[in-house]
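Here the structure of chain A is known, so what remains is to put chain B in place on it, guided by the hints.
So the sequence lines, in the order shown, correspond to chains A and B. Numbering that gives the first Met the number 0 numbers the first residue of the first sequence as 0 and each following residue consecutively. Numbering that gives the first Met the number 0 numbers the first residue of the second sequence as 0 and each following residue consecutively.
Bear in mind the hints are in silico, worked out from the structure with no lab data behind them. Possibly wrong hints are sitting among the right ones.
Okay, derived cross-link-like pairs now, DSS-like style, lysine-lysine, Cα gap no bigger than 27 Å in a straight line [to be verified]:
| # | chain 1 | residue 1 | chain 2 | residue 2 |
| --- | --- | --- | --- | --- |
| 1 | B | Lys72 | B | Lys36 |
| 2 | B | Lys85 | B | Lys36 |
| 3 | B | Lys85 | A | Lys8 |
| 4 | B | Lys75 | B | Lys36 |
| 5 | A | Lys8 | B | Lys72 |
| 6 | B | Lys85 | B | Lys72 |
Note that the structure is a prediction, hence the values are computed from the model and not measured.
Spelled out from the first residue to the last, the chains are:
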Amino acid sequence: MELLDRYVKVLRVFLPRRQRDDIVREISEEIREQILGTEVTLGRPLTVDEQAEVIGRYGHPLVTAARYRPQRHLIGPIVFPYYWMALKCVLLLTLFGHAVSLALVVSDIPSWPAVGQALEGTVQDVFAVVGWFTVLAAVADRWLARSTALRRWDPRTLMQRTQAFQAPLLNDRSRRLPSLVNKATLFELPATPFGLIAAAVLGAWWLLALRYPVLMFGPGAARLDWGPDINVDADGRVTGLLLKAPTGNVPAVRRP
Amino acid sequence: MGTEQFDSLRLELRRGCLVMAVMAQLRTEHYGYTLKKELAERGVEIDEGTLYPLLRRLESQGLLVSEWREEDKRNKRFYRLSVDGKRVLKDLLAEWQSLNASLTRIVGTRSAA
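Chain A with its partners taken away, still in its complex shape:
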């Protein structure tokens, strides 16, 4: 029964540590009994193919072992759509920033090593953004799972919010334009727990990127400086809405 021994050996690796010995013992005994029972009925030892048919019914070791574990996920179905939406937005902005940065690098030092370095920085930043967003979404997911906010939800709060948001929008004119009603619902998004999470994550990234442009523009940020209409704070650090290239090749880049 070499095939059986090999099967349980592989299965053992994937099983939950605490139950491992017990499960392997049970499955080994059961398969052994099935094989021996069939051998007695047939009056001959089973071939490897016949043994494989019996063992195959127990499933691929990876699949079978997974069935012994409770279902787990890093980001659940409630948080995932907002995580995915926010991640796409930020990745788009990051890639846009890095594309600008790459254009500056090429115009400043048109050499392959410089381009390679910029691309390497882009890849690193994309991984960093994905990593951080995944961590934040996982934390949000765990918080939501433990929070009672969703279970304590009262549908009447929708009415209160809608009235609050619709007040400036739903005048007599809007009654003739039902599309405005939908707009009011969109405005409500930041007032939902998911909207708040997405807004907090996006906002944190945006504010950090203002302070550390490398988060949006990558290594090329070192070649960027803030534009003329800026505010200088007490540290002499600059914050503002315009960026410019010190080389003057690209005079200014307006943030979106």
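Same frame as chain A, but now just chain B:
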């Protein structure tokens, strides 16, 4: 696509029924192999890769109890319904019968085919 949809829905429908079938069969003590055989004889096919993890899950939920015992010179793990399991099974069966009666009223005998 139609077959895939059917398979997926069938799997969903069977999942709860399998739990009830296993629990009901374990009102008398069985080990995995005989449990599977008896279920198959009564028309409920369940593959081993599903049955054994299901037995463990039900046991971890306190619905089954198990013990290792020697029978025919072989060690086997025997499962049976626990006291809690009996109570839960009774409730589940009542729920299933009520659901079944409702479905019969909805579908009706005329359009069932």
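Hint-by-hint comparison with the structure:
no. : hint                : result
1   : B:Lys72 <-> B:Lys36 : holds, 20 Å
2   : B:Lys85 <-> B:Lys36 : holds, 22 Å
3   : B:Lys85 <-> A:Lys8  : violated, 36 Å
4   : B:Lys75 <-> B:Lys36 : holds, 15 Å
5   : A:Lys8 <-> B:Lys72  : holds, 24 Å
6   : B:Lys85 <-> B:Lys72 : violated, 31 Å
Of the numbered hints listed earlier, those contradicted by the structure are 3, 6.
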